[in-house]
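> Read off the chains here:
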Amino acid sequence: MGMKAQYKIMQMVVMVLAIFLFFILVGIFLINSQSQGLKESSDNLKRAQTISSIESLANSPEFSCGSTESWCVDSDKLHIMSGELGKEYSDFWQISSIEVLSIYPNNQTDVIECPGEGCNYYKIYDNNQPNKETYSAYISLCERKSRLIVECQLAKLIVGVKNV
Amino acid sequence: MKEKRGDFNFVTIFAIIAGVSILILSIYGVTKSGDTQKYQSDTTIAKQIEVFIDPLQTGFATSSSGEIDFHQKIKFKNRCESFTDFGGNRISVATLDTSRKSYGDFGSEIVVEDKYLFSDEQLETERLYTISKTFSYPYEVSDFIILIPDTKQYCLENAPEFIKISLGALKIPTISVENCSELNITQVCSSDNSCDISIEPMCLSTSCKTKYDYGIVKKEGVSVPFIGELVYAAIFSEEDNYYCNVDRLLYRTYLLSKLYTEKADILSARSCYTQIKPQLIEWTNSLLSSEDPEQMLDIYDQSMNLYNDNKAGGCKVWE
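Quick mapping for you: the protein sequence lines, in order, are chains L and R. Numbered continuously in our numbering, the first sequence closes out at residue 164. Numbered continuously in our numbering, the second sequence closes out at residue 319.
Treat the hints loosely; a few may be bogus.
Derived pair list, reagent style EDC-like, types lysine to aspartate or glutamate, alpha-carbon separation capped at 16 Å [unchecked claim]: (1) K316/R - D265/R; (2) K316/R - E88/L; (3) K87/L - D85/R; (4) K316/R - E69/L; (5) K145/L - E319/R; (6) K46/L - E50/R; (7) K46/L - D265/R; (8) K101/R - D85/R; (9) K46/L - D54/R; (10) K258/R - E84/L; (11) K123/L - E88/L.
Bear in mind the hints are in silico, worked out from the structure with no lab data behind them. Quantities reported herein were computed from a predicted structural model and do not represent experimental measurements.
This is chain R alone, in the form it adopts within the complex (with noise of 0.2 Å):
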């Protein structure tokens, strides 16, 4: 058969047909599954967050610091739940993808939910600082962890001294106890309205141990309580977030005051006589009334009564 000009022949149809087809397919193929790949890292990088904050929390020391380097910039996503009993945080992260210059969607996300994360609720950095502090009610309840980005610059020059000596031991970067040079530096300070974050006691009875004992945080207009190693949080972390896991640590606390009220009836049983059971129960119930976080400094007292009663004579139900 002779061939007309301008007609294809069958194989030139098939090789643009086919070589279209798997050509796209290719391209389509590879794009997935490098955004596949990259949901994968990212979901692994928030699962590890989650393992390498366990050996960081305090254990018995009064506090610990660690960090944390991704040696990529990332953007950190902290999600703080309360709706369920213990709640939790719901951790996820989204790495910068170098080809289109910007960050994807998030990985994963990894629900945290027997550890206490205080952060802000979207963190964009490089390196992660964590600062582990231990949450006493009266007795000893949970250690908590405090995240900080490598992007926020704090001065606590002016901040009060037990601060400053806590957390300057730390050495953190991006905290500076004295000489603090750089303009775009939030200041820390001890009842100064002027200032980025301003700490107010509010511990004056005799029973406190020091006027901060318990007090306020004042941060961006909003005011957030705080008792004891608490006022470390309220001053990095957005007021949602803080209000959340203050929630959280507050329902382990009404667990742990059960569990101590079952334990004296054991002690009592085997001649280790304690006083405080009544106090326990009426603790228990407080707790479980309280229901906004914000009412935690309204059983202060309470909890400082349980304490030295439960130091005062007796077995100790807890050390």
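Just chain L, same shape as in the assembly (with noise of 0.2 Å):
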């Protein structure tokens, strides 16, 4: 074979590769941006779906003060499922964190964790996930201090997602 053929044969051999080569980077390319689009639909799923959960959280049988009271979370409940008790339900929440932090009247600069004297914020769950975007509501926060008096503060429902 003479030396012209052989290097036909290789010039054939390098734009094949190179063919082959621009295809497997545009096959990438395209299932880069298309991982990225899930990513982002998975997060704003993601979002949405922490948002809409707020709500149910504030008005479940483990926070709210009764059947009848809507936005209204029970602190003797707090009180229970930021200990040993809320550690069962880890992998009940779909979501990163539940805090309560009481608002109004609070004579406290500081966050201070509960329990303890002159509390003001409930840390009941936190997976430790970095890059937390977090969401609030305001809600009641009530204690049943004798059968006839319920005494109640302004507080904020934190919940948070993980921002990927």
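Using the hints, build the complex out of the two chains.
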């Protein structure tokens, strides 16, 4: 086989390889842009779910004052759920964190975690995810003092969602 | 150099090889990317169902209904698992592939752990109707959702009156309360074995509000027990799915009993005295020992005593 023929074969091999490489790169680009879209839609759905779950969380029997009051959280239940029992729910919550911060009337300027004297902050659940985005809603935080007396405060229910 | 007849020159060979390769690669790429996009969109639909269901839950109403329109025929799979503590519903969707005129593979399964979805394991539908009810035993445990396809018609003409009133008010197109005319319609009746679905009341003691406080639902030769509003779930879901979700609800009932036992202590320490702590401990133990959802009727009287004692005097542990 002459030198010219060998040269032509080599040229063909290089061209075929270059075309394959080109299509592989185009394929990678397409897959990448598709997965970016998937990530984005997954994030949006997660966010939508977190926002819609704030109300159902506040009204769930684990937190709510009673089945007749909306957006009312029982502080005794918060106290219990921030302890050992809350840990049993760690697989249940489809969010990254649940916190409650009392706002008014509140003499504390600092955040003091409950249980404790003059505390104003409950950390119910946190899976320690970094880059978390939080959403909150105002709630009544109520405590039954006696059979007839219920004392309430204005508080914020803060729910976290992982920001991927 | 003179070219012989029948010889291919380099340009022709190259054009054939490169052309065929590009064609094969393009066809393969388009097919694969189409499949991936379908898988992605089916998974997104399943996730959207989960998100849409949130506001469809009862909240503070006694019951509510909703409708999810997919604008195309879909296959919907709802697999319930209760192996782990809370268990979960694993939902997935397959849309109709118009080019192949068949359903492709199901998208990825979305695990729903904080909701209770009662339905048949596989549905083929264009619209899903939802009914949301509340499970209380004896305190409120959770809302649960029943998913009904638009392909199955139900007739409640001879059903117990309370079911006719409750479901009739929701105005679901596939549920007829009177004048059922269609031939392939599932008949729901009260204590009638000739019907497709028969509801048998079992609560006969004086403490019962109605005889339907608990009972059994007979369907396709199988009897499943129900308590309160679970009667609706028993009518519209398959046996396995029903038992699995009831098992999950009972686990949550157990955890709430622990919560209320601790709350009884806190209230008593605040001189807001309540008498029901011993009953709550007993109730917790009963829930722990009744491993099978079929046993839930055995502890119904205990739950009613607990309910009445909480209402009777002192500070209420749950409102």
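> Decide, hint by hint, whether the structure agrees.
Cross-check of the supplied hints:
1. K316/R - D265/R: The hint holds at about 12 Å.
2. K316/R - E88/L: Violated - the C-alpha atoms of E88/L and K316/R are around 25 Å apart, more than 16 Å.
3. K87/L - D85/R: The given pair, whose Cα atoms are some 12 Å apart, holds under the 16 Å limit.
4. K316/R - E69/L: holds (15 Å)
5. K145/L - E319/R: Answer holds: K145/L to E319/R is near 14 Å, not above 16 Å.
6. K46/L - E50/R: holds (10 Å)
7. K46/L - D265/R: violated (38 Å)
8. K101/R - D85/R: Violated. K101/R to D85/R sits at ~41 Å, over the 16 Å cutoff.
9. K46/L - D54/R: holds (12 Å)
10. K258/R - E84/L: Judged against 16 Å, a Cα distance of about 11 Å means the pair holds.
11. K123/L - E88/L: Distance ~15 Å between K123/L and E88/L Cα, so the pair holds.
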